[in-house]
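Engineer: Chain residues, written in single-letter form:
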Amino acid sequence: MTTIDNGVNVQALLDAREALKGAPEAAQFTWRASSKWQNGVHSTTTIQNFFGLGQEQSHKSETVFTADHPEVFAAEDNGITPIEYLLVGLAACLTAGVASVAQNRGIQLRSVESTVEGNHDIRGILGADSDVRNGFNDIKVTFTIDADASPQDIEALVAQSQKRSAVFDALTNPTNVTVEVA
Amino acid sequence: MLERGEVANSWRRERWDSLRLLTPNWQSRLPGHRYEGPDPDGYMTMGEVIEFIERFATVSRTPVRTGTNVRSVRRTDDGYRVTTSRGEIRCRAVVIASGACNQPTVPQFTDAVPASVVQLTPFDYHGPTNLPDGGVLVVGASATGVQLAAELKRSGRPVILSVGEHVRLPRLYRGRDVLWWMDASGVWNQRHDEVDDLTRARRLPSPQLVGTPERRTLDLNALAAMGVELVGRWAAVRDGRALFSGGLRNVFSLADLKMQRLLDTFDEWARAHGCDAEVDPPERFAPTHVPESARWQLDLRSGEIRTIVWATGLRPDYGWLDVPVVDAKGRLRHEGGVVDSPGLYALGLPVLRRRKSTFIHGIEDDAREVIDHLTRYLAVRHSLA
Ligand SMILES: Cc1cc2nc3c(=O)[nH]c(=O)nc-3n(C[C@H](O)[C@H](O)[C@H](O)COP(=O)(O)OP(=O)(O)OC[C@H]3O[C@@H](n4cnc5c(N)ncnc54)[C@H](O)[C@@H]3O)c2cc1C
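Chains as they are written, first to last, in our numbering: chain A, -10 to 171; chain B, 1345 to 1729.
No lab work stands behind these hints: they were computed from the structure. Among the hints, a few may not be true.
What the hints assert, rightly or not - Below, computed lysine-lysine pairings styled on DSBU-like, alpha-carbon distance capped at 30 Å:
hint: 1; chain 1: A; residue 1: 152; chain 2: A; residue 2: 49
hint: 2; chain 1: B; residue 1: 1673; chain 2: A; residue 2: 10
hint: 3; chain 1: A; residue 1: 10; chain 2: A; residue 2: 25
hint: 4; chain 1: B; residue 1: 1673; chain 2: B; residue 2: 1602
hint: 5; chain 1: A; residue 1: 10; chain 2: A; residue 2: 49
hint: 6; chain 1: A; residue 1: 10; chain 2: B; residue 2: 1497
hint: 7; chain 1: B; residue 1: 1497; chain 2: B; residue 2: 1602
hint: 8; chain 1: B; residue 1: 1602; chain 2: A; residue 2: 152
hint: 9; chain 1: A; residue 1: 49; chain 2: A; residue 2: 25
hint: 10; chain 1: A; residue 1: 152; chain 2: B; residue 2: 1673
hint: 11; chain 1: B; residue 1: 1602; chain 2: A; residue 2: 129
hint: 12; chain 1: A; residue 1: 129; chain 2: A; residue 2: 10
All figures in this text were calculated on a predicted structure; none of them were measured in a lab.
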């Protein structure tokens, strides 16, 4: 049997699963972002530190995300729209899931591409129609996967990646959100 | 053998009126005792199940002490002290056969449901007539949920079914009962130490099956065709509104894919065992139809829904077991029915030793092995004493 390598250390993940079964406290993570208004509807958000495995952790380097709105919103378009960051998160999370599940199931991937479309009726955020919600009405993700596997196995990969996806869950299920003024 | 109620108590007290077994009559087997009526492919009514089990108790001369509720089981130096509603018993070994389905499980947010909505569990449900008129929200799409949704829809009520992960099965496959395939192909006999992910196998919900004289399939497509509205898994209540998951399509895909894989297994088995000629050709079923747009919220105060039926699962009750062998999630710690305390055994739990462990006919093989262990344990203890 040739070795499957999608670059995912599945063994480490399986070991973590076993270890954390008996240590739920260590499994509590807090992800953090700090944001700063620039001008107009342009802001920058910085991410570097998080908490997990019982202690402060840090990414190798800091990442700065710029958010703005496009010119059709009468803005300067210094960066992508905040709601587009949700698409980034969803695509990245499902893709990571596909790779991990494939590794675990012994499926060699050659390419995994996806497009994500979120349909958004902006009358909601503009307050033009109170029956229209602010967020996405629906989101569609389309994967194109080239792998050593049957179409059915590929479908199963994609289904399982949704089942274990943090962002898919965060978008499809309600979450309590508290916003305060410090 | 101690029984708090009567023989076949769970079938007398904890089932709804119209229920029939989802296992076919020929499959209802207890040691030396089987269905001998005219309809081997039919499904027993509750009256028939009670009679079947009562007859077995009589014929096998099982020494059942009925009306004897076990209130506590404690360890002693040389065994166990069992306190019952009819006095105390000391013994060297105990077999816990108190069932896997003693109480309904419901989500935590039931408290947040407005008081104007009646809430029922399968234990309170007898039939449509004891529900208020008006809409019903059935939560959970396993055997109980799909059966109750269908029955309530037929009673003329609008029915919404909240669907999480589920197990889809056709009633008949290639002309045979799908449970014939489970049996014949050996899937049901798969042992606990051969199953990939035992924790998951033990948590597997019951299949979407119903026993009817027409032997019909009761999957989500059948329910949708009857006019039952499908919504996602119920995730939370906020401001008197039920919020459902937007992940409905994926739970459909997961169930469709798993069913496909199972049917592939059956086909491979039939080919390998030269049975292809005895059964109909392989079939494939339409994928679960995804509604144009499933709603993700429902105002519980609007009057649209008058009743909620929680078909969200059943679990065992070990409130009487004063031996530290139950984990934080309320599950008994055991290895194939050998409980983590000398002389303590269990039977009738999900995938105790085999996939069929929780079915009437599935307990026999487990019982033989567990009792083997028990007799060896007693013999060793005896020779040491
Ligand atoms: C709704 C439903 C439908 C089902 N349909 C099927 C089917 O179609 N086919 C099939 O094969 N299986 C079916 N099952 C599974 C079925 O429960 C098992 O096959 C079988 O009944 C298990 O038998 P048991 O003796 O282990 O448990 P039970 O039948 O639950 O019996 C346990 C007994 O222990 C008694 N007891 C519990 N606690 C105490 C105590 N503290 N003191 C004294 N006595 C106590 C109870 O009163 C009960 O009589 C179904 C289960 C449910 C819930």
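Engineer: Could you run down the list of hints and mark each one as holding or not?
Structural biologist: Structure-based check of each hint:
no.: 1; hint: 152(A) x 49(A); in the structure: holds, 29 Å
no.: 2; hint: 1673(B) x 10(A); in the structure: holds, 12 Å
no.: 3; hint: 10(A) x 25(A); in the structure: violated, 38 Å
no.: 4; hint: 1673(B) x 1602(B); in the structure: holds, 27 Å
no.: 5; hint: 10(A) x 49(A); in the structure: holds, 27 Å
no.: 6; hint: 10(A) x 1497(B); in the structure: violated, 42 Å
no.: 7; hint: 1497(B) x 1602(B); in the structure: holds, 27 Å
no.: 8; hint: 1602(B) x 152(A); in the structure: holds, 14 Å
no.: 9; hint: 49(A) x 25(A); in the structure: holds, 22 Å
no.: 10; hint: 152(A) x 1673(B); in the structure: holds, 22 Å
no.: 11; hint: 1602(B) x 129(A); in the structure: holds, 23 Å
no.: 12; hint: 129(A) x 10(A); in the structure: violated, 34 Å
Of the numbered hints given earlier, the model fails hints 3, 6, 12; all others are met.
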